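Taken in sequence, the protein lines are chains A, B and C.
Residue numbers for the first sequence follow my numbering, so the first one is 1 and each next one is one higher.
Residue numbers for the second sequence follow my numbering, so the first one is 1001 and each next one is one higher.
Residue numbers for the third sequence follow my numbering, so the first one is 2001 and each next one is one higher.
Just so you know, not all the hints are guaranteed correct.
Chain C stretches covered by chain B per the calculated footprint, using a threshold of three residues with CB under 8 Å from any CB of chain B [claimed, not checked]:
#1 2014–2026
#2 2043–2049
In the DSSO-like style, the derived pairs of lysine-lysine whose C-alpha atoms are separated by at most 30 Å in a straight line are [said to hold, decoys possible]:
#3 K2028/C / K1026/B
#4 K2088/C / K686/A
#5 K379/A / K585/A
#6 K1026/B / K2088/C
#7 K686/A / K1026/B
#8 K315/A / K379/A
None of these hints come from the bench; they were simulated from the model.
All figures in this text were calculated on a predicted structure; none of them were measured in a lab.
A virtual CB, placed ideally from N, CA and C, is assigned to each residue, including glycine.
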Amino acid sequence: MTESLLITLSIVTLFLPLLGFAVVVLTGKKFSKMYLFEMLIISATLLISLTIAFFKLSYYPHDIVASLDWFKFSNVPGIGTLNFEIGVKIDNLTALMLIVVNLISFLVHLFSIEYMHGDPRYNRYFSYLGIFTFSMLGIVLTHNLLMMYIFWELVGLSSYLLIGFWFEKKSASDASKKAFIVNRVGDIGMFAGILILFTNYHTFTFDKIFEQISMGHLPFNSPAWLTAAGILVFMGAVGKSAQFPLHVWLPDAMEGPTPVSALIHAATMVAAGVYLVVRIFAMLTADAMTVIAIIGAVTSFIAATIALTQNDIKKVLAYSTVSQLGYMIMALGVGAYSFAFFHLVTHAFFKACLFLGSGSVIHAMHHEQDIRNMGGLRKKLPITYYTFLISTLAISGIPFTSGFLSKDGILAGTLTFGKLTGYWFIPALGFLVALLTAFYMFRLVILTFHGEPRDHHKYDHAHESPFVMAAPLVILATLSIFIWYTPNPVGADQGWFLSKWVKTPHTVVPQNQRFNFMKTEEKTAAAETSEPALHEAEAPVHGEITHSEMYTEAMHASHYPAMFLSIAMAGLGILFAFLIYQWKKISADMLEEKLRPLHKFSLNKWYIDELYDATWIAGTLAFSKMLYWIDSVIIDGAVNGAATVTRFVSRLSGLFDTFVVDGFVNFTAFLSGFIGLNFKKLQTGKVQTYVIFVVFAIIIIMLVFKPY
Amino acid sequence: MTLYDIIFYLFALITIGSAMLVVTTKNIVHAAFALLLTFFGVAGIYVLLAADFLAIVQIMVYVGGILVLIIFGVMLTNKITSVEIKTGTLNVLTASIVIGVFMGLVVSIMVWTGWYSMPAPIPATTAYGLGETLISDYALIFELLAMLLLIALVGAASIARREKESL
Amino acid sequence: MLQVGLTHFLVIGAILFSLGIYGIITRKNAVMVLMGVELILNAANINFVAFSRYGNFGLNGQIAALFVIVLAAAEAAIALAIVLNIYKTYSNVNVDEISNLKE
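Take the sequences, apply the hints, and build the full model.
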């Protein structure tokens, strides 16, 4: 298996889903079985991706890069040669993302066969899944920002198509529009960030940009612009990964089919934002990372508090997704790079499992989504129940699950960050969210599966899902166990995932723009003598840990405190959930009564949608109304006034016309008529005569100028 | 008088001779076949100028495409009652005088101008270089041409299909 | 004089060009006029390629010639469509009888 073969295979796996999309969308109306073709395609894609990932992770420790010039302008004024590259980069992150995306995509395809059965646009649904897989793989495989942006918009498109899949429902079409527009807000920032980078470096390729930054070439020669570029590109992630303040679209996106929610709005597409920040991690300055950490922490907290009171099973999961994405972003902000990516992978599996499990419940309950009408489903849906439970344990961070390992790492990272920089509220929010997560997830489990059925009619008709729906659940639940990632159930540091595959990259920003703990000792000395750290570019980029001794030690020291604290928090949350909802020791209604304002605040999602309605949307409407008023009163008034004045003036000039101008005009007309009558004969209307005249004219010109 | 020169004069003769036939013969079909010969002659001249790829394109596009198109045009726009399809001529005298003077002038310009001539070494093949230049320096023009061909295709189809009543 | 150089090619181009114009002027049939146009385009192409060979322009002249060929193809298609339309309207394609431009 040579490198070029791996590259070829990766391009094949990228374009296969596009082929599936094209074929199914074009022929789906005629042949009702066309979705099987899409299944075939996705299976092939999965197999190829697993092959690529296996060979990459086992045999190639270095990155595999292939690129070619897409088009180049050889002389742009003021710049010189401009090269636009396209290319594929397969590193360990890519290999892991290939597995995650394709595996979940495949399982969701499988699940959808039964879930979407009988839908009038069955084939179209599968073709949309195909184009989504294509664009997501594009994001994963690309090695430059331009292609990243293109595929970024493509996943936005496929998300739009799938949220609005049942577009007859007004809420669904509204949600799809909302998702699209809110994402645009973030994308504008990302676009501006890309433009800043491109203006300065004349390339879109990540590695080349990093190389130039590490050589001390900053955008517009100012570290502030580097920070700005980092934050602006991060804005794309804010939109796509549903971070505060742009998180409002994701809960509404649950209007789409449930398998879609599992694939796009929980496991893969929303993780693309995190993946983007992972890709640009090396160029983030300390300021940018602080902003990112704060946004992540705030998002995870807001979303967790909202999830406490939601009653729609998918809404709870949606807010928990937002919360967990906030966790990953926060982890990146505090420098716990590898744990952030680790959490991205583990979260993808257990959250996909949770969503597909909720899909199974909804399917069994005949499209009932309100958990107040469920209860006692444990006996009716045993497979769904147990897989759902394992994933819930994983998201709550209970030992022996994958979620425990990654969450614990993130919390240890925040604790270290708090210790080293003094931002203590970030770990505080992190641990609080861990408690809230355990609480609301178990509230969901208990209300759905435990206790007595509350809607007997629907309960009696509930039935366990068939094989094609149960199999993905079982596979995903199995992947939520720790053993796939590390042999040690309490710490992932020694596992192959973190010790071999995912390494924090070498940061390239100037010394004085880094956190203290990210400088190595001799480099700190170099920075003090204000000597540019030139030798840094020579340092091996791969497999190096950026962090200093200080950081490693602090990280080590906070490992066990963080672990025990997080277990305690999760246990506390689960305990409360059982106390309130299972054993009913504390009355939920009474709590609700006592905390009425807080409860309402949470139930209404912090009134963020209302706030946007009142500010941006109302502002836009008011602005357009004002424009309308200006248009109708001022501009129309001006036009009408001008008309009156013009009428007066024209009456005057009319008199002048009749007597002075007309006389002149009549004379001119007579004159030109006279001339025209004489020259009319030249105008034969035959084209060839004209050509003769033209040639004749050229001859005269040549004779006059004598160019020979 | 090297072999190169002899071949050049041969091709020049073919080109000019058949071109004269094109513009003087009364039979349209004969003119079309003379035009075929002209195109071949021009292709030969391209080869002499070391433009191998262009010569092939000349034969394929002109002979294979445009000439066939023209013959179709002839067939579709004449009431074919006999094999001979004639065309009339006009302005022959005026045209001969004007064109004669014109040709004399242009040819004398060509002959008397002191051209700066610096032949480059002949490359083994031009196809590679042409392809590379096309998608790099001329990428925009290349794309525009693609657009133009599409528009021409649609336009030609829509013009030719239009019914008499809708005019 | 007999040694073939740039001038020879240019002269061929000039003669071909003049013949093309002659064809345009003297032929009655619109299709024949088209043939004249093709001759002119070929003459221009010969000049392009000749300068590309003898001037120090690299392949740029040949690229221009290539573009001309493409345009010629488009032009032929459009022109024949127009000729067909003329034929539908006037039942002949004699350019001297189509003189609506006169009025």
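Has the given pair, K2028/C with K1026/B, been kept, meaning a C-alpha gap of at most 30 Å? Roughly 10 Å separates the two Cα atoms, so the pair holds.
Are K2088/C and K686/A close enough, with their CA atoms no more than 30 Å apart? Holds, because 19 Å separates the two Cα atoms, which is no more than 30 Å.
Distance restraint between K379/A and K585/A, which requires alpha-carbon spacing of 30 Å or less: Status holds; Cα separation ~24 Å.
For the region 2014–2026 of chain C, count the residues whose Cβ lies under 8 Å from any Cβ of chain B; is that count three or more? As far as the region 2014–2026 of chain C goes, the hint holds, because 12 residues have Cβ atoms under 8 Å from chain B.
Please check whether the region 2043–2049 of chain C has three or more residues whose CB lies within less than 8 Å of a CB on chain B. holds (count 3)
Are the Cα atoms of K1026/B and K2088/C separated by 30 Å or less? Distance ~23 Å between K1026/B and K2088/C Cα, so the pair holds.
Verify the proposed pairing of K315/A with K379/A, using a straight-line Cα cut of 30 Å. With Cα atoms ~24 Å apart, K315/A and K379/A stay inside 30 Å; holds.
Given the proposed pairing of K686/A with K1026/B, does the C-alpha separation stay at or below 30 Å? Since the Cα atoms of K686/A and K1026/B sit roughly 20 Å apart, the hinted pair holds (cutoff 30 Å).
Checked against the numbered hints given earlier, this structure breaks none of them.
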